[in-house]
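*Asks:* So the protein lines, in turn, are chains X and W.
Using this note's numbering, you'd call the opening residue of the first sequence number 159 and step up by one each time.
Using this note's numbering, you'd call the opening residue of the second sequence number 4 and step up by one each time.
No wet-lab data here; the hints were simulated from the structure.
Among the hints, erroneous ones may be present.
Derived coverage of chain X by chain W (criterion: at least 3 residues anywhere in the stretch with Cβ under 8 Å from a Cβ of chain W; other residues may be distant) [as the list claims (entries may be wrong)]:
1) 170 to 181
2) 187 to 194
Quick list of in silico lysine to aspartate or glutamate cross-link-like pairs, EDC-like style, CA-CA up to 16 Å [said to hold, decoys possible]:
3) W:254 x X:190
4) W:147 x W:248
5) W:235 x X:169
6) W:268 x W:88
7) W:147 x W:88
8) W:143 x W:225
9) W:268 x W:150
10) X:183 x W:122
11) W:182 x X:190
12) W:236 x X:169
13) W:268 x W:151
14) W:244 x W:150
15) X:175 x W:276
Keep in mind it's a predicted model, so treat the numbers as computed, not measured.
Glycine is no exception: its CB is placed at the ideal position from the N, C-alpha and C atoms.
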Amino acid sequence: MKEVLKTFVLEPALGFKETNALYQKELPVWIEAAQALGLQPV
Amino acid sequence: MSAIINRRHFIAAGSAAAAMPFVARDASAQAAWPSRQIRMICSYPAGGQTDLLRAPSANTFPNRSDRLSSSKTSAGASGAIGTAEVARAEPDGHTILCSISTTYVMNRVMLKTPGYDMDKDLTLVSVIPGAGLPLVASPKSGVKTLEDFVAFARKNDKVNFGTYSVGSAPHMTINELNKQYGLKIEPIHYRGEAPMWTGLAEGSIDFAMGSYTASQSVLQSDRGVPFAVHSKKVDAIPNVKTLPEQGATSKFFTVSGFTGWAVPKATPQPIVDRLSQLASRPTAIRK
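Bound conformation, chain X alone (with noise of 0.2 Å):
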């Protein structure tokens, strides 16, 4: 797992609450930039 985290220059994997809080965090912006696309749903 290390060498895969490593190859892929990633960092370790959060906890639980460290997780939701970046998805709750993201989550909006990303969907913000999606929308701004301006592409239809297939």
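Dock chain W against chain X, hints included.
*Replies:* Chain W only, in chain X's frame:
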């Protein structure tokens, strides 16, 4: 793929959770967990980054559990097929999804009927934050910074900037740069990173953006010059500044995305907590 687990590892790890308060129903489910084979489903094609994390992480969970576990790939529809399968699974901690931001965040915007509702059907257990994505220019463009890139784009009617798919982070990056700097860059969408980097190396496109790992093919052969990184610095190219450091202001340049694990929503919290503890300490192999 399956692995035989050391029961002592699980009991040692499980004792740390013994002090956690449980609801009576949850206590019963948690005490019995794992009671059968744990399945890990990777909802992206085999061989990609997600699948390369699936295999070692399936070994990570079993190293702390005394049940055989297996993992498989269930690719298709931007990860929606495998995700829907996990969303419908019994919420008992025996089925785990491994997937990426596209599945957890983007599909609700990109797909009419993804087959699952992320917030109602799944619980995120643990994620690995994404790495910074380099923006790379062909050497002949002369671009070495974001300022150079903006000047290039203003000077040239057509800017060939490759992405690895429609709706990807590079696609959104181009859109955000267009908005801030008044540019009109039309992205060229490839199907995957490999053909995109090949396009840059061959001179079919002047710019591309993707993972540092996959960009090695052009960076190491001097057929690409990284001039910015999307959100986070990449240690291997420390002199390349992030887009925000170079004056780009979109909030999108502060997010990194992630790869991670999720379980059905009704999975008892004590089991979610155990899985999260196991996932977030992948190198702490207990003796």
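*Asks:* Confirm or reject each hint.
*Replies:* Right, here's what the structure says about each hint:
1. 170 to 181: holds (count 9)
2. 187 to 194: holds (count 8)
3. W:254 x X:190: holds, 10 Å
4. W:147 x W:248: Since the Cα atoms of residue 147 of chain W and residue 248 of chain W sit roughly 14 Å apart, the hinted pair holds (cutoff 16 Å).
5. W:235 x X:169: Measuring from Cα to Cα gives roughly 11 Å; hence the hint holds.
6. W:268 x W:88: holds, 13 Å
7. W:147 x W:88: violated, 45 Å
8. W:143 x W:225: The given pair, whose Cα atoms are some 11 Å apart, holds under the 16 Å limit.
9. W:268 x W:150: At roughly 46 Å apart (the allowed maximum being 16 Å), residue 150 of chain W and residue 268 of chain W break the hint.
10. X:183 x W:122: holds, 14 Å
11. W:182 x X:190: holds, 13 Å
12. W:236 x X:169: holds, 12 Å
13. W:268 x W:151: Cα-Cα ~48 Å, so violated.
14. W:244 x W:150: Holds, at about 12 Å.
15. X:175 x W:276: Holds: residue 175 of chain X and residue 276 of chain W sit about 10 Å apart, inside 16 Å.
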